[in-house]
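Below, each chain spelled out in residue letters.
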Amino acid sequence: MPRREITSGNWAFAEAMRQINPDVVAAYPITPSTDIPMKFADFVANGKVDTNFVTVESEHSAITACVTASAAGARVMTASSANGVALMHEIFPIAGCFRTPIVFGLVNRCIGAPINIHCDHSDSMAERDAGWVHLYCEDAQEAYDTAILAIRLAEHKDVLSPVFVCQDGFITSHGFEPVEILDDAAVKAFVGERDADFPLLDVDHPVTYGSFAMSEYYFEIKRQQIEAMKNVLKVYDGVAKEFEAVSGRFYPKLDRYRTEDADFIVVVMSSASGVVKDVVDELREQGIKAGCLRVRMFRPFPADEVAEILGTAKAVAVLDRALSIGGTAPLAAEIKSALYDCGKNIPVQSCVYGLGGRDFFPQYARELFMDLAAGKVSREERYLGLLE
Amino acid sequence: MTNRGNSAEMGKPKRWQDVPMGGIAFGSSAEAVETGQWRSMRPVWDGEKCISCLLCWNQCPDRSILTDGNGKVTGIDTFYCKGCGICAHICPKKAIEMRPESEFTGPGAGAKGE
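Quick note, the sequences are listed as chains A and B, same order.
Under this note's numbering, the letters of the first sequence match residues 278 to 665, in that order.
Under this note's numbering, the letters of the second sequence match residues 506 to 619, in that order.
Simulated from the structure, these hints should not be mistaken for lab results.
All C-beta atoms, glycine included, are put in the ideal place defined by N, C-alpha and C.
Hints are not guaranteed to be accurate.
Below 25 Å or equal to it, Euclidean Cα-Cα: the simulated DSS-like pairs (lysine-lysine) are [claimed, not checked]:
| # | chain 1 | residue 1 | chain 2 | residue 2 |
| --- | --- | --- | --- | --- |
| 1 | A | K530 | A | K613 |
| 2 | A | K507 | B | K519 |
| 3 | B | K519 | A | K499 |
| 4 | A | K499 | A | K465 |
| 5 | A | K613 | A | K507 |
| 6 | B | K519 | A | K434 |
| 7 | B | K587 | B | K599 |
| 8 | A | K511 | A | K434 |
| 9 | B | K517 | A | K499 |
DEER-style ranges, computed between Cβ atoms [what the hints assert, rightly or not]:
| # | chain 1 | residue 1 | chain 2 | residue 2 | range |
| --- | --- | --- | --- | --- | --- |
| 10 | A | H366 | B | G552 | 22 to 32 Å |
| 11 | A | C619 | B | D523 | 28 to 38 Å |
| 12 | B | Q564 | A | E282 | 51 to 61 Å |
Please work from the sequences and hints to get the whole structure.
Structure, rendered in structure tokens:
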């Protein structure tokens with residue numbers, strides 16, 4: 278029987294790792310993801326897993342060990358945050374190209390400077406073109422469930438790509454809340470064993486990873502990665518349904534909340550969506566047709582589905598917890614692009630909130646919906662909660 | 506569907522789908538690579554001075570010191586030797602001399618060579 282525990286996003290993710298029992302974990306601690314390898318190190322020391330736990334001297338080494346272990350045929354997991362993620366940057370595209378299905382607990386924290394340990398999405402958003410799947414979780418339950426689900430998605434033969442399982446630093450990673458933990462046996466049966474196609478350790482069928490590919494074939498190999506991402510859109514729902522059969526919980530690519538008949542929709546990711554959903558309920562009681570779209574899958578970006586959901590709205594606001602300094606914030610850019618392609622000229626207000634862990638209050642969402650309803654939509658990016 | 510593993514049999518891929526996934530190369534091929542082509546200096550071994558101490562054999566990064574199976578050095582394998590000169594540097598009897606590759610190739614090659 279599944280059991281309910283009061284636990285945090287980090288501990289829940291580590292518990293999923295214990296149940297998955299990966300072959301290799303190579304990690305280097307950085308706040309706020311430190312709890313994950315720390316808790317997992319307990320499991321290793323107490324003989325709860327038989328993972329080869331590699332303690333390395335930097336994040337760059339951690340992800341390098343993960344890529345090589347995964348190429349060798351191992352099931353591999355790790356975790357990091359912020360500047361640790363940034364230090365791994367060089368290796369992420371290699372993991373994507375080698376098609377190493379690493380599952381990565383990315384606990385979102387802003388990139389310094391100024392140095393700051395709290396949440397925003399600038400760390401993962403900087404890696405959005407690396408050939409990794411990006412899944413953003415709203416709460417600890419979802420972080421736990423997604424860790425398990427992501428193993429099957431990453432290792433799917435049509436995908437074979439690494440996956441970031443993102444959760445909001447401190448807000449989710451350190452907040453304690455009830456989480457339903459599945460039976461060990463159920464998780465073990467769901468994830469199965471990794472069946473690698475070309476493991477380096479299969480010495481009877483030798484292969485070379487990382488060989489040179491100049492202008493003749495580099496382009497073609499990148500095209501294959503694009504195909505793998507397109508395949509994620511095709512196979513994701515099937516994997517999510519299989520997970521639902523085990524857990525009773527279904528996680529769509531896009532979490533739509535009262536959007537079906539909504540005139541005004543706020544698009545948001547991760548933990549702040551709970552606040553927006555509350556405000557949607559409040560405004561609905563006042564007769565305002567508000568809705569919330571939470572983007573859970575950011576890479577690949579499900580643009581067609583987004584266009585379908587937003588296509589009937591009168592106005593949309595997009596909340597980004599990251600910047601593209603001098604350009605359009607990452608989620609807003611994707612949303613506008615999706616709407617342009619479907620030929621709908623729907624006003625989109627781009628808003629940046631919560632940088633460096635600044636709180637997101639219901640009042641911000643309330644004002645935003647009222648502005649959408651009043652037709653106050655501008656091409657200028659807006660900054661919610663900024664001292665100005 | 507992306508090619509999952511027959512680069513040994515295939516010709517030059519004509520479509521992106523035919524390129525092996527992730528740029529993986531099938532089969533072990535390093536033994537067929539003539540790294541000796543990279544060499545600009547060639548070690549010349551003198552069998553009269555050599556005492557077969559095997560310091561060079563131990564240190565050679567390219568498995569290029571040839572032996573007869575009884576622990577006696579018989580020469581240098583120029584197919585793999587990149588000319589790094591470690592052997593000449595560590596030889597206690599100065600039995601290996603590094604000479605420019607130009608002495609062995611091109612016009613007049615062999616005039617001053619082996």
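Hints, one by one, checked against the model:
1. Only pairs whose Cα atoms come within 25 Å are accepted, and K530 (chain A) paired with K613 (chain A) is accepted, the gap being roughly 18 Å.
2. For the suggested pair K507 (chain A) and K519 (chain B), the alpha carbons sit about 22 Å apart, so the restraint of at most 25 Å is met.
3. For the suggested pair K519 (chain B) and K499 (chain A), the alpha carbons sit about 15 Å apart, so the restraint of at most 25 Å is met.
4. Distance hint between K499 (chain A) and K465 (chain A) is unfulfilled; the C-alpha atoms sit about 33 Å from each other, more than 25 Å.
5. The hinted pair formed by K613 (chain A) and K507 (chain A) meets the criterion: a straight-line CA distance of about 20 Å does not exceed 25 Å.
6. Only pairs whose Cα atoms come within 25 Å are accepted, and K519 (chain B) paired with K434 (chain A) is accepted, the gap being roughly 23 Å.
7. Distance hint between K587 (chain B) and K599 (chain B) is fulfilled; the C-alpha atoms sit about 19 Å from each other, no more than 25 Å.
8. Distance check on the hinted pair: K511 (chain A) and K434 (chain A) sit about 12 Å apart at the alpha-carbon level, within 25 Å; holds.
9. Only pairs whose Cα atoms come within 25 Å are accepted, and K517 (chain B) paired with K499 (chain A) is accepted, the gap being roughly 18 Å.
10. For the pair H366 (chain A) and G552 (chain B), the supplied restraint of 22 to 32 Å is violated, since their beta-carbon distance comes to about 54 Å.
11. A C-beta distance of roughly 34 Å is found between C619 (chain A) and D523 (chain B), which places it inside the suggested range of 28 to 38 Å.
12. Between Q564 (chain B) and E282 (chain A) the Cβ separation comes to about 58 Å, which falls inside the hinted range of 51 to 61 Å.
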